[in-house]
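Spelled out, the chains give:
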Amino acid sequence: MAVYRYPSPLGSEITSEGAYLNRRSLIAGALASIPLLHGVEASAETLKSKPGPFSTDETPTSFMDVTNYNNFYEFGSGKSDPASNSGDFRPEPWTLEVGGLVAKPKTFDLDELRGFDLEDRLYRMRCVEAWSMVIPWIGFPLSALLDQVEPLGSAKYVAFETVVRPEEMGGQRGLFQPLPWPYVEGLRLDEARHPLAILAVGLYGQTLPNQNGAPVRLVVPWKYGFKGIKSIVKMTLVEEQPVSSWERLQPSEYGFYANVNPAVDHPRWSQATEIRIGEGGFLSPGRRETLPFNGYAEQVASIYDGMDLAANY
Amino acid sequence: MIASRVWRSASVWLVYVVGFVPAAWYFYLGATGQIPGNAVKVFEHLLGVWALRFLLVTLAVTPIRDLFGINLIRYRRALGLLAFWYVVMHFSTYMILDQALNFQVIVNDIAKRPFITIGMASFALLIPLAITSNSWSIRKLGSRWNSLHKLSYVIILGGALHYLMAVRVITPEPAIYMAIAAVLVGYRLFFRSRVLAWRKQRRAVAMAR
Numbered sequence: 001m002a003v004y005r006y007p008s009p010l011g012s013e014i015t016s017e018g019a020y021l022n023r024r025s026l027i028a029g030a031l032a033s034i035p036l037l038h039g040v041e042a043s044a045e046t047l048k049s050k051p052g053p054f055s056t057d058e059t060p061t062s063f064m065d066v067t068n069y070n071n072f073y074e075f076g077s078g079k080s081d082p083a084s085n086s087g088d089f090r091p092e093p094w095t096l097e098v099g100g101l102v103a104k105p106k107t108f109d110l111d112e113l114r115g116f117d118l119e120d121r122l123y124r125m126r127c128v129e130a131w132s133m134v135i136p137w138i139g140f141p142l143s144a145l146l147d148q149v150e151p152l153g154s155a156k157y158v159a160f161e162t163v164v165r166p167e168e169m170g171g172q173r174g175l176f177q178p179l180p181w182p183y184v185e186g187l188r189l190d191e192a193r194h195p196l197a198i199l200a201v202g203l204y205g206q207t208l209p210n211q212n213g214a215p216v217r218l219v220v221p222w223k224y225g226f227k228g229i230k231s232i233v234k235m236t237l238v239e240e241q242p243v244s245s246w247e248r249l250q251p252s253e254y255g256f257y258a259n260v261n262p263a264v265d266h267p268r269w270s271q272a273t274e275i276r277i278g279e280g281g282f283l284s285p286g287r288r289e290t291l292p293f294n295g296y297a298e299q300v301a302s303i304y305d306g307m308d309l310a311a312n313y
Numbered sequence: 001m002i003a004s005r006v007w008r009s010a011s012v013w014l015v016y017v018v019g020f021v022p023a024a025w026y027f028y029l030g031a032t033g034q035i036p037g038n039a040v041k042v043f044e045h046l047l048g049v050w051a052l053r054f055l056l057v058t059l060a061v062t063p064i065r066d067l068f069g070i071n072l073i074r075y076r077r078a079l080g081l082l083a084f085w086y087v088v089m090h091f092s093t094y095m096i097l098d099q100a101l102n103f104q105v106i107v108n109d110i111a112k113r114p115f116i117t118i119g120m121a122s123f124a125l126l127i128p129l130a131i132t133s134n135s136w137s138i139r140k141l142g143s144r145w146n147s148l149h150k151l152s153y154v155i156i157l158g159g160a161l162h163y164l165m166a167v168r169v170i171t172p173e174p175a176i177y178m179a180i181a182a183v184l185v186g187y188r189l190f191f192r193s194r195v196l197a198w199r200k201q202r203r204a205v206a207m208a209r
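Which chain is which? The protein sequence lines are A and B, in order.
When we follow the working numbering, the leftmost residue of the first sequence carries the number 1, and every step to the right adds one.
When we follow the working numbering, the leftmost residue of the second sequence carries the number 1, and every step to the right adds one.
No lab work stands behind these hints: they were computed from the structure.
Treat the hints with care, as some may be off.
Said to hold, decoys possible - For each label pair, taking beta carbons as the anchor points, the in silico distance ranges come out as:
no.	chain 1	residue 1	chain 2	residue 2	range
1	B	Thr62	A	Phe176	27 to 37 Å
2	B	Val17	A	Lys48	53 to 63 Å
3	A	Pro267	B	Thr171	51 to 61 Å
4	A	Glu253	B	Leu125	41 to 51 Å
5	A	Ala301	B	Trp25	38 to 48 Å
Just so you know, even glycine gets a beta-carbon here, dropped at the ideal spot from N, CA and C.
Next comes chain B alone, as it looks inside the complex (with noise of 0.2 Å):
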C-alpha cells in the first residue's frame, strides 16, 4: 500500500526528470560543438517541437481514459508543465541566444509577423495555467478551474499553427501535428459528451441487470 504510493509519487517525479533529457541533451549537442551549422536554431526548434509533443501528450490523457479506461491523470500536471518550460526555453532561446536581446528586433517580430505573434500569444495564455496548475488552486478555483484549462486547446492550436506557418515547406511533421491538435480540440468539442453518455448508459445497463 504504502510501497504503491511510494511508486506513485516517484513516477510523477520521474516524468519530469525524463522530460527534461532532450532539452538537456540538446543543449550539451550544442555547446560542445556537436550540432553543425547554426546549432542555436536547431536547438531553439528541437525545443519547440518537444513543448508541442508535450502538450499534445497532456491534452491526450483525457482522451485516452475517456476510450480506453487508461488513467494517466496523475502525470497529467507534470506532463503540462513540462510543455509550459519547454516553451519558455524554447523563447528564451530565440530572445537570449538568437536576438542576443535585441528588443527592438524581437517586439518587431512579435508585432509584425503573424507566425510570431500567434506563437506569443499561445505562449501568454500558458502562463495562467501554468501559475494555477497546484493543488491550491484547483481547490481554490473549483469549477472556474476547468473553464481557465480549457484554455489549453485553444494554445494547442495556436501552437501548432505557429509551426506550420514557420516552416518554408509544408513537411510531414508539423501536418501531423496539427492534425492531432485538431483531432483532440473535435473530440473534446463534438464526441466527448456521446461517448460520456454511452458509457453511462451502459454502465446502468449493466447495473440494472
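Isolated chain A (complex conformation) (with noise of 0.2 Å):
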C-alpha cells in the first residue's frame, strides 16, 4: 500500500521569522511605492521604529485609502481635497512649542520628535462620521514628550492647535471658513498621559503625508476621529477645561470627549455601526458594529469610571 508522505520544505524554502515579522512593512513598501497615488510628497522618507504595544490583528486599510479620504478642513471640506490640496504645504522645518502649567517649557524641533524612541501602532480609527480604517501609524506615546516638560500639579488638561498658513492651506483663506482658526483640540491630562496617546510622526514605514497632518499629529484610537489633531504648533497645559473646534462650532453634535461610543447616536446619523473602508466591494460595504471606545474599552474604560458617558459624549 502506498503511503503518502508529507513533502518536507527546503529549510531555503522556510520564510526566516525576520521576513515574517516584517510582513507588514513590506506590504507597505509595495503599496507605498504605487505612482498612481497623489498629493503624497515625493519627499517622504523611511522612518526607523519598532513594534509596539497595542497593535490590531486587522488588515490596515490600503495606503491609497489611508492618504485620499481625508478630514483635513484647512485643505477643503471635501474627503478628497485634503489629497488634492496639500501640495504646497511645507512640514519642514517645523516646531512644537509646548509651555503652560509646566516646569520646563521646551520647544521641539523635527529631529528631535523624530528622535523619540518611535513604535509602530497598528491603530483603529473611527471617524465621527460612521467609517473606520486600520492605520499603521509610526510615532511615541504622548507621555513621554509630557516627562520631558514635566506638567506642574495645577495642570488639569493639554490643549493643542494646528498651525495657521493659509497662504499653504486653501482651506484657511477665501469667503466661506468653515471653521475658526487655528483648529484647537483638548484632552484630559490623564487621557494625555494614557499609554495608547500617541503624537504620529509617520504612517506605512515613512514620514505623515502632508494630508494625514504632516509632521506630526495626535492619535487617540478610543475617541472619533476629529480629536486626532493635526500639524501640531503648540500643546499648552491648562487647568480649565478646553473647548475643541468642533464642540465650539456645534456643542449638541460634538463634545469635548468624544469617546466614540455606539449608544449615543450623533443627531443626524445613527453611531451603532460603521462602514470599515475596503471591506466589502462597492456593492456590498463592510458595515459592522461600533465598538464602545472603538474595541479599546479594556484599556481606557476605567478612566471614565462614574461618568455619564452619554452627557459627557
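Dock chain one against chain two, each of which comes alone in its own frame, and use the hints as you go.
In C-alpha cells:
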C-alpha cells in the first residue's frame, strides 16, 4: 500500500522569522511605491521604528484609502481635498512649542520629535461620520513628551493647536471659512498620559503625508477621529477644560470627550455601526458594529469610571 | 420640416441619455474601485447633488422663457424625470448599499432625523409628479395638472434644505443651491405675474402702432 508522505520543504524555502514579522512593512513598502497616488510628497522619508504595544491584528486599510479619504478642513471640506490641495504645504522645518503649566517649557524641532523611540502602532480609527480604517502609525507615547516638560500639579488638561498658514492651506483663505482657525483640541491630562495616546510622525513606514497631518499629529484611537488634531504647533498645559473646534461650532453634535460610543447617536446619524473602508465591495460595503471606545474599552474604560458617558459625549 | 421634427424628438432623447451619464460614470468609478474611501457614501452624495441640479434646471425653464424668450419647454419633462430618477437612485443607494436594507435603521433615520425626514417628504411629493408627467395625465387633469405640479417649488426648497442640513459645515455648494431655489420660488411667487403683465402691455403697445 502506498503511504502518503508529507512533503517537507527545503530549509531555504521556509520564510525566515524576520521576514515574517516584517511582512507588513513589505506590504507597506509595495503599496507606498504605487505611483498613481497623488498628493503624496515625493520627499517622504523612511522612518526607523520598533513594534509597539496595543497593535490590532486586523488588516490595515490600503495606503491609497488612508491618504486619499481625509478630513483636514485646512485644505478644504471635501474628503479628497486634503490629498488634492496639500501639495504646497511645507512641514519642514517645524517646531512644536510646549508650555503653560509646566516646569520646563520646551520647543521641539522635527529632529527631536523624530528622535523619540518610535513605535509601530496599528490602530483602528473611527471617524465621527460612521466610517473606520485600520492605520499603521509610527509615533511615540505622548506621555514621553509630557515627561520632558514636567507638568505642574495644577495642570489638568492639555490644549492643542494646529498651524495657521493661509498661504499654504487653501481652506484657511477665501470667503467661506468652515471653522475658526486655528483648529484646537484638548485632552484631560490622564487621557493624554494614557499609553494608547501617541504623537504620530509617520504612517506605513514613512513620514506623514501632508494630508494626514504632517509632520506631527495626535492619535487617540478610542476617540472619534476629529480629536486627532493634525500639524500641531502648540501644546499648552492648562487648568480649565479647553473648548475644541467642533465643540465650539456645534456643541449639540460634538462633545469635548468624543469617546467612540455606539449607544450615543450623532443627532443626524446613528453611531451603532460603521463602514470599514476597503472591506467588502462597492455593492456590499463592510458595515460592522461599532464597539464602545472603538474596541479599546479594556485599556481606557476605567479612566471614565462613574462618568455619565451619554451626558459627557 | 420633417427633419426638424425628428431632431426635436431626438434631442429630447439626447437629454435623457446625457442626463444619465454622471450616474453611469460614478457607478463605473465606484464599481472598479476608483473612488477612494467610503465609495458608497461618495456615490450617494453625488446622486443627490445631481438630483438637485436637474430639479433647479427644470424649474428654470419657465423664467428663462419669460425673461429671455428662450423656449426650452420641450425638454422640461425629461429634465424633471431625470431629477426624479436621480432621487430614486440616491435613496436606493442609501437604502440598499449604505444601510444594507436594515429597515429598522432606515425607518428610525426617517422618523428621527429632521434632514432625512425633509428629504424623504420631498421624495414622496415628487412621486405623483413623476406619475402624472405623461401627456395623457396632462390632458386628463387639465388645469389641475398645473396646480399639482406647483408642488415642485415645495420639493426644491425641501431638497435644498435637506442638503444644507446634511453637511457638517456650510460650504458654498449647498448654500448656492438654496439661494438659486429661493430665487426661483421668489420669482414665481412675486415677480412672474408682473413680468408677464409688462410683456403683454408691451405687445399691446406694439400692436397698436
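Going through the hints against the structure:
1. B/Thr62 / A/Phe176: 27 to 37 Å: 31 Å, holds
2. B/Val17 / A/Lys48: 53 to 63 Å: Taking Cβ atoms as reference, B/Val17 and A/Lys48 lie about 57 Å apart, which means the hint holds.
3. A/Pro267 / B/Thr171: 51 to 61 Å: 19 Å, violated
4. A/Glu253 / B/Leu125: 41 to 51 Å: 28 Å, violated
5. A/Ala301 / B/Trp25: 38 to 48 Å: Because 46 Å falls inside the window, the suggested range holds.
Figure legend: structure checked against the earlier numbered hints; hints not met, in rising order: 3, 4.
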